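Novice: Each chain, letter by letter, is given below.
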Amino acid sequence: MTRADPPDPELVAERVARLTTDALVTRRGYLKILGVLSGGLATGNIAVALGAFERRTAGATIETVITDEADAIPVGRAVRFTYPNERDPALLLRLDDDVYVAYSVICTHLACEVLWEQDDSELFCPCHNGVFDPVDGAPVAGPPERPLPQIRLERRGTAIVAVGEGAVAGGERDTTTGR
Amino acid sequence: MARPPRPIRPLPPGPALDTDEGVRTGLVTRIIIVLMIVLGQLWALTVGLEAYLLGHTGQAWLTAGFSILSFIVALVLVSLDPPPRARRLPDRTTAAEAGVRKTRT
Numbered sequence: 021m022t023r024a025d026p027p028d029p030e031l032v033a034e035r036v037a038r039l040t041t042d043a044l045v046t047r048r049g050y051l052k053i054l055g056v057l058s059g060g061l062a063t064g065n066i067a068v069a070l071g072a073f074e075r076r077t078a079g080a081t082i083e084t085v086i087t088d089e090a091d092a093i094p095v096g097r098a099v100r101f102t103y104p105n106e107r108d109p110a111l112l113l114r115l116d117d118d119v120y121v122a123y124s125v126i127c128t129h130l131a132c133e134v135l136w137e138q139d140d141s142e143l144f145c146p147c148h149n150g151v152f153d154p155v156d157g158a159p160v161a162g163p164p165e166r167p168l169p170q171i172r173l174e175r176r177g178t179a180i181v182a183v184g185e186g187a188v189a190g191g192e193r194d195t196t197t198g199r
Numbered sequence: 434m435a436r437p438p439r440p441i442r443p444l445p446p447g448p449a450l451d452t453d454e455g456v457r458t459g460l461v462t463r464i465i466i467v468l469m470i471v472l473g474q475l476w477a478l479t480v481g482l483e484a485y486l487l488g489h490t491g492q493a494w495l496t497a498g499f500s501i502l503s504f505i506v507a508l509v510l511v512s513l514d515p516p517p518r519a520r521r522l523p524d525r526t527t528a529a530e531a532g533v534r535k536t537r538t
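These protein sequence lines are chains A and B, in that order.
Convert by adding 20 to the 1-based position in the first sequence; the result is the number in this note's numbering.
Convert by adding 433 to the 1-based position in the second sequence; the result is the number in this note's numbering.
Just so you know, the hints here were simulated from the structure itself, not pulled from any lab data.
These figures come from a predicted structure and were not determined experimentally.
Ideal Cβ placement from N, Cα and C applies to all residues, glycine included.
Fair warning: there could be bad hints in the mix.
What the hints assert, rightly or not - Covered by chain B, according to a simulated footprint, are these stretches of chain A (three or more residues, beta-carbon under 8 Å):
#1 26–36
#2 47–61
As the list claims (entries may be wrong) - No more than 20 Å apart at the CA atoms, straight line, and that leaves these computed lysine to any residue pairs for SDA-like:
#3 A:Lys52 to A:Gly64
#4 A:Lys52 to B:Leu487
#5 A:Lys52 to B:Thr490
#6 A:Lys52 to B:Ala484
#7 A:Lys52 to B:Gly459
#8 A:Lys52 to B:Ile464
#9 A:Lys52 to A:Thr63
#10 A:Lys52 to B:Leu460
To be verified - Restraint-style ranges between C-beta atoms, simulated for each label pair:
#11 B:Leu475 to A:Glu133: 24 to 30 Å
#12 A:Val32 to B:Ser512: 56 to 62 Å
#13 B:Ala519 to A:Ala33: 26 to 32 Å
#14 B:Leu502 to A:Asp139: 50 to 56 Å
#15 B:Thr479 to A:Leu135: 23 to 29 Å
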């Protein structure tokens with residue numbers, strides 16, 4: 021087919037028909053789509069209120085030995101471990117001679133991993149400069165508004181064992197005292 | 434020489450929804466209102482999720498209630514049916530464009 025040839029009328033008619041029929045969504049169609057979207061959002065909101073999107077690690081009761089030699093951790097230092105699964109990073113902090121605390125270190129802002137800044141004695145999220153209080157996990161600076169989930173600890177001889185995840189918000193400070 | 438009298442365009446003889454123009458306007462209006470409702474529900478979902486994660490279950494249920502009410506309003510707006518096309522009055526422009534163009538509604 022050369023440039024001078026006239027286009028095939030049947031082909032043109034077919035293309036015109038395709039262009040004019042496939043893309044047609046009527047105003048009523050748009051309205052129905054929005055109605056379905058509205059129903060989906062209402063359902064999602066009910067699911068949220070019912071607790072369908074609870075944290076994956078909430079309510080964990082698995083026991084994990086974090087360290088066999090708790091006294092070997094210097095005061096002011098942290099030990100990284102995972103709890104309750106290998107994909108859930110956590111930190112054990114020794115705040116004082118007999119005070120240990122542990123937190124899940126998935127930032128409650130946008131889920132980056134929170135780091136222990138020993139010099140400043142704070143839990144720091146490098147993604148958006150969020151800072152958490154090491155004593156209770158509460159957010160003290162930056163965009164995070166929820167505290168870090170605390171992990172309950174038990175002292176067994178010289179070992180420290182993670183025995184469950186505490187409440188995400190509020191709750192009392194859960195520290196493990198030695199001896 | 435006296436000028437001929439200006440033609441008088443009569444007002445629509447019935448409610449706006451009795452004409453094709455009125456039905457189209459009503460549909461677009463409803464689309465805009467439902468769109469705003471959906472945006473409000475999106476806001477409610479984010480607030481509800483944040484409230485739930487903070488442990489404020491009551492507030493989460495409040496936003497869920499708001500979202501349900503919004504959905505009911507949206508459902509009413511979606512399900513409103515205009516009069517069937519056969520019963521509608523001709524548009525004001527119909528006489529000039531008779532049979533030339535029909536917009537799907």
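Novice: Does each hint fit the structure? Answer for all of them.
Specialist: Against the structure, the hints come out as follows:
no. : hint                             : result
1   : 26–36                            : violated (count 0)
2   : 47–61                            : holds (count 11)
3   : A:Lys52 to A:Gly64               : holds (18 Å)
4   : A:Lys52 to B:Leu487              : violated (35 Å)
5   : A:Lys52 to B:Thr490              : violated (32 Å)
6   : A:Lys52 to B:Ala484              : violated (30 Å)
7   : A:Lys52 to B:Gly459              : holds (14 Å)
8   : A:Lys52 to B:Ile464              : holds (9 Å)
9   : A:Lys52 to A:Thr63               : holds (17 Å)
10  : A:Lys52 to B:Leu460              : holds (11 Å)
11  : B:Leu475 to A:Glu133: 24 to 30 Å : holds (29 Å)
12  : A:Val32 to B:Ser512: 56 to 62 Å  : violated (41 Å)
13  : B:Ala519 to A:Ala33: 26 to 32 Å  : holds (31 Å)
14  : B:Leu502 to A:Asp139: 50 to 56 Å : holds (52 Å)
15  : B:Thr479 to A:Leu135: 23 to 29 Å : holds (28 Å)
Hints 1, 4, 5, 6 and 12, counting from the list given before, are not met by this structure.
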